[in-house]
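**Student:** Respectively, the protein sequence lines represent chains A and B.
Numbered as in the numbering used here, the first sequence ends at 156 without a single skipped number.
Numbered as in the numbering used here, the second sequence ends at 310 without a single skipped number.
Think of the hints as simulated: they come from the structure by calculation, not from any bench.
For clarity, every value in this text was computed on a predicted model and none was experimentally measured.
Errors might be hidden in some of the hints.
Stated by the list, open to error - To be clear about the criterion: a stretch of chain A counts as covered by chain B if any three or more of its residues have a C-beta under 8 Å from a C-beta of chain B, and this derived list gives those stretches:
hint : segment
1    : 13-24
2    : 116-129
Said to hold, decoys possible - Partial list, derived from the structure: chain B residues whose beta carbon lies under 10 Å from chain A:
hint : residue
3    : Gly-241
4    : Lys-243
5    : Thr-246
6    : Leu-280
7    : Lys-297
8    : Arg-301
9    : Ile-302
10   : Leu-304
C-beta atoms are modelled at their ideal positions from N, C-alpha and C, and glycine is treated no differently.
Here's the letter readout for the chains.
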Amino acid sequence: MKEGNFITTTLESLIGWARKYSIFQYPFVTACCGMEYMATAASHFDIDRFGAGLTRFTPRQADVLFVVGTISHKLAPVLRKVYEQMTEPKWVVAFGTCTITGGLYDNYAAVQGIDAIIPVDIYIPGCPPRPETVLDALMKLQEKIQREKQKWSLRK
Amino acid sequence: MVLEEVEKEFSLRRAESIDGIPTFYCHRELVLPLMERLKRDFEVLLDITAVDYLGRKEKRFELVYHLLSLSEKMRLRIKVELGEGEKIPTLSFLWKNANWLEREVYDMFGIEFQGHPDLRRILLYPEFKGHPLRKDYPLKKSQPRIKLLRPERE
Numbered sequence: 001m002k003e004g005n006f007i008t009t010t011l012e013s014l015i016g017w018a019r020k021y022s023i024f025q026y027p028f029v030t031a032c033c034g035m036e037y038m039a040t041a042a043s044h045f046d047i048d049r050f051g052a053g054l055t056r057f058t059p060r061q062a063d064v065l066f067v068v069g070t071i072s073h074k075l076a077p078v079l080r081k082v083y084e085q086m087t088e089p090k091w092v093v094a095f096g097t098c099t100i101t102g103g104l105y106d107n108y109a110a111v112q113g114i115d116a117i118i119p120v121d122i123y124i125p126g127c128p129p130r131p132e133t134v135l136d137a138l139m140k141l142q143e144k145i146q147r148e149k150q151k152w153s154l155r156k
Numbered sequence: 157m158v159l160e161e162v163e164k165e166f167s168l169r170r171a172e173s174i175d176g177i178p179t180f181y182c183h184r185e186l187v188l189p190l191m192e193r194l195k196r197d198f199e200v201l202l203d204i205t206a207v208d209y210l211g212r213k214e215k216r217f218e219l220v221y222h223l224l225s226l227s228e229k230m231r232l233r234i235k236v237e238l239g240e241g242e243k244i245p246t247l248s249f250l251w252k253n254a255n256w257l258e259r260e261v262y263d264m265f266g267i268e269f270q271g272h273p274d275l276r277r278i279l280l281y282p283e284f285k286g287h288p289l290r291k292d293y294p295l296k297k298s299q300p301r302i303k304l305l306r307p308e309r310e
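All chains should be built: construct the whole structure from the sequences, respecting the hints.
**Tutor:** Printed below as a string of C-alpha cells:
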C-alpha cells in the first residue's frame, strides 16, 4: 500500500475479523475424542495457524467451548454451568458423534446430543473425527464469527 | 489342592464353565465362611458382578465372584443365587476392593450387602430412581438432572 492510500471496511466486519483470529478455546474433554483433539492441537496439524492456539482452562477466559466426548446425564449440570460461566461472545463446538447424538450410547446414561443442554454452533461428525475435519470445522466457525451481526443498540 | 477340600466342606455344586475357570454354585448362607476360607489362598478379588435372569422360576439374580490366587496360579468363580430382596453379607473387610465392587452391584442391580460400611450409588447420581442393569428397567429411560432444551427422543 502506497502512502496516502486507505482501505474502508465496516466496524462490524472489523470486529468479526478480530474475533475469528483470536479464538480462545476451552476443551471440555471427556472421552476418546480427546486424542484426536490433542492431535489437532499439536504441532503436526497446529491449530495455532488459525489463531486458536491459546487453550484456556477456565471458561471465564474462553470464547469457544469444545465439547469433546460423551456427555452423561450425571455430567450434564456441570457442562451447563461451564457454558453459563463463559462470557459473551461465545460459541460451542460439538466434537464427535457422541456429543451430536449420543452416538452408540443409545441408553439411559448418555445425553442424546448436547444441544439438549446448551446451544451448539458447529457440529463435527466422526467417531472420532480426523484432525482435518476438525480444522475444516474451525474454519467454518471462523466464517460464522465473521458473518455475525453485532448488537449495537444499548436498549435491550 | 484347595479346591477339592473346599468343595466338600461347603457342599459346592460344580457349574458349567466354557472358559476353563473352575466355577461353583454356593448357597447364600455359606458365602461368608467360604470366602473367609478362600481368602487364605486367593489373594486377589478380581471382580464382583451380577446377572439378572428375569422370568426365571426360582431365584432371579446370580451374583458372581471372580478370584485369583497368585500362589496357586489359578482363578476361581463362585456364583450365588439370590431372590428379589434377598441380602448378602459384605466382603469388604476381607478384600478392600470389595467395597467399591459391591457399591457398583448395588447401584446397577439393587442387591443389598449386609454390613457394608458405605452402601450408596457409585456410578449414578443419588437422585436416580431404579437400577438400570435390571432387565425390567427400560433401556432408554433417562433421568435428566436439569431441564432439557428439547426432548431427547421423539
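**Student:** Hint by hint, note whether the structure agrees.
**Tutor:** Consistency of the hints with the structure:
1. Counting residues of the segment 13-24 of chain A whose beta-carbon sits less than 8 Å from any beta-carbon of chain B gives 0, not enough to reach three: the coverage restraint is violated.
2. With 4 residues having a Cβ less than 8 Å from any Cβ of chain B, the segment 116-129 of chain A passes the three-residue criterion, so the hint holds.
3. For B/Gly-241, the shortest C-beta to C-beta distance to chain A is roughly 23 Å, which exceeds 10 Å, and the interface hint is violated.
4. With a least beta-carbon distance of about 25 Å to chain A, the hint placing B/Lys-243 at the interface is violated under the 10 Å criterion.
5. For B/Thr-246, the suggested interface contact is broken, since its CB lies about 25 Å from the closest CB of chain A, more than 10 Å.
6. Look at B/Leu-280: its Cβ gets to within about 7 Å of chain A, closer than 10 Å, so that hint holds up.
7. Of the supplied interface hints, the one on B/Lys-297 holds, with its beta-carbon coming within about 5 Å of a beta-carbon of chain A, less than 10 Å.
8. Using the Cβ-Cβ criterion of 10 Å, the hint placing B/Arg-301 at the interface with chain A is satisfied: the shortest such distance is roughly 5 Å.
9. With a least beta-carbon distance of about 5 Å to chain A, the hint placing B/Ile-302 at the interface is held under the 10 Å criterion.
10. Interface hint at B/Leu-304: satisfied, since its Cβ lies 4 Å from the closest Cβ of chain A, which is below the 10 Å cut-off.
Checked against the numbered hints given earlier, the structure breaks hints 1, 3, 4 and 5 and satisfies all the rest.
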